[in-house]
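Student: Chain residues, written in single-letter form:
2 protein chains.
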Amino acid sequence: MNEIQEAFPKGKFLGVPQELYDPIEYTLSQGGKRLRPLLVLLSCEMFGGNPDEAMPPAVGVEIFHNFTLLHDDIMDAAPLRRGFPTVYKKWDTNVAILSGDTMFVMAYEYVCRVTSEKLPDVLATFNDTARKVCEGQQYDMEFETKPVVTLEDYYMMIRLKTAVLIACCVKVGAIMASADPVDAEHIYKFGENLGMAFQLQDDLLDAFGETSKFGKEIGGDIVTNKKTFLHLKAFELAGGDTLDELNRLIHGNEVDSDEKVSRIQEIYRSLKIDTHTREIIEEYLKEAIFYLDQVRIKESRKRSLRKLSKEIIHRES
Amino acid sequence: MNEIQEAFPKGKFLGVPQELYDPIEYTLSQGGKRLRPLLVLLSCEMFGGNPDEAMPPAVGVEIFHNFTLLHDDIMDAAPLRRGFPTVYKKWDTNVAILSGDTMFVMAYEYVCRVTSEKLPDVLATFNDTARKVCEGQQYDMEFETKPVVTLEDYYMMIRLKTAVLIACCVKVGAIMASADPVDAEHIYKFGENLGMAFQLQDDLLDAFGETSKFGKEIGGDIVTNKKTFLHLKAFELAGGDTLDELNRLIHGNEVDSDEKVSRIQEIYRSLKIDTHTREIIEEYLKEAIFYLDQVRIKESRKRSLRKLSKEIIHRES
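For the protein sequence lines, the chains are R and L, in the order given. Residues are numbered in my numbering as their position in the first sequence, beginning at 1, plus a constant of 2. Residues are numbered in my numbering as their position in the second sequence, beginning at 1, plus a constant of 2.
Keep in mind that the hints were calculated from the coordinates and are not lab data. Careful, some of the hints might be misleading.
What the hints assert, rightly or not - Partner residues are not named here, just some residues of chain L that face chain R (Cβ under 7 angstroms, in silico):
1. 10
2. 14
3. 20
4. 22
5. 106
6. 111
7. 125
8. 129
9. 183
Ideal Cβ positions, reconstructed from N, Cα and C, are used throughout, including at glycine.
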């Protein structure tokens, strides 16, 4: 949708002091998939609402998402985001903290631009989501150093960090269309499961995607020993020599990054981790579609969300 | 008011993961003056509202205030706050960033706990304030390295960073009491001017207070060359040898911190900076009272805010 891109034009004047707003304009104009605002608008449309009215909260969730990336990049010491230097690298940590805080306020400003009847519901959903995203990021950081992380732990973490925001988007769309609360809850569950599938697809692409399509180096998660689904599943399934090699590659320093990536990719393939991941993704998609099916509106209206769901789990970027 | 202190008890369970919420409990249970929530409640009471209803947004602004302190302490590399190690020192920067973000969400959660009729007004006031506080902090940071900062610049900065939050508190109290919008605007201006006086009194105490009462080392601003009202006024008034000495003390490294503080205090006294500061504080208080006088309610109802205003500018801690 062009309207979404147009909401974040390059060079847009956001306010003074310039030193505060420059990093915000830089972040917001870089693009990205704009998946979250798209989900708000499509959900609103599906429920027969006016997408123009849903545009401000749609922009709000996108600003919120970008705020979390900005602060996450400080915490993860990430040098690049969408191919550009991260804010804390290009400016400094203080600028990244404060510009992020300001984006958080801006997110609320946009989210609040709804009619007063819808405001309480929209805010309850948004507040709950924002809190959970923070909790998810905390677990994500803790898992880096935690010796034992189970698949259950991992699911809980990505549910909080990623899935609930996707769920929030479609629910806010439903609220903006004055959908029945039961339907709004079903579309929330749809979004939550879709969000799980989305994150698992992201893990898969990080290990097996194509750099030219994915937009970043393949194997980043492998190099940093990130405890993704693939990593955890591999440890669950590996035994004997394979487990020994996996441990050596992960805890040792014998090989360089490229070698580490290609050897762990090989182990993943030998254990059919890619297939397992795709199976779990399909399961989450099925669960998402189950909830979409519960929504009591004409089938034809559900077409765009169905289509987008499939695109999300088959995406290569 | 005991109710305010009781809202932040030591050891209160705030949620999981514990590693995220421990620093929040640590921060919120440390106390402080609780001036901001008190102002919300007193203003609400003054306008004939029910302070119990104003308690959630009162707690919200206090959490917001503490969130800004938590992030400011990272940016200012401050080791102590209220006599305790700051969160980023006791834990680390990442914890301080994320716990702060979570407090920001919690602040919104409390601020949103008002009736749906009052929600839009309360949020409009709070959003506007939060944005300005961020802008004020940015100016504050920039002034550290900016070669020329005028008194006008300084007033603008403290207005954004400190005064608008005080203004927000009394306005939210007014909204919670369904005050007339014109009165709400007058009480906002009262708060804004009181906030200016409050910050200038803080500057004065930092240079001339008593450690035992103020709760922190006197002269902190002097040691770090912070461009407070006193600093800027001294440069405005100093000439000849005094100006030379001031420049040597500020830009040189000839003397230790204690010596620097006592010699600059002496210069301040010789230039009557303390008297000038008190005059400006009195002017802002007069302006604040002017706006309180405009509020169209019984004089007897205004007594507590009048009393608190005087206490604020005569406080020693």
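Student: Against this structure, judge whether each hint is valid.
Tutor: Here is how each hint holds up against the structure:
1. 10: violated (18 angstroms)
2. 14: Violated. Min distance 16 angstroms.
3. 20: With a closest approach of 9 angstroms, the residue 20(L) hint is violated.
4. 22: For residue 22(L), the interface hint holds, since the closest Cβ of chain R sits about 4 angstroms away, which is under 7 angstroms.
5. 106: holds (6 angstroms)
6. 111: holds (5 angstroms)
7. 125: This interface hint holds because 5 angstroms falls under the 7 angstroms limit.
8. 129: holds (5 angstroms)
9. 183: violated (16 angstroms)
Consistency with the previously given hints fails for numbers 1, 2, 3 and 9, ordered from lowest to highest.
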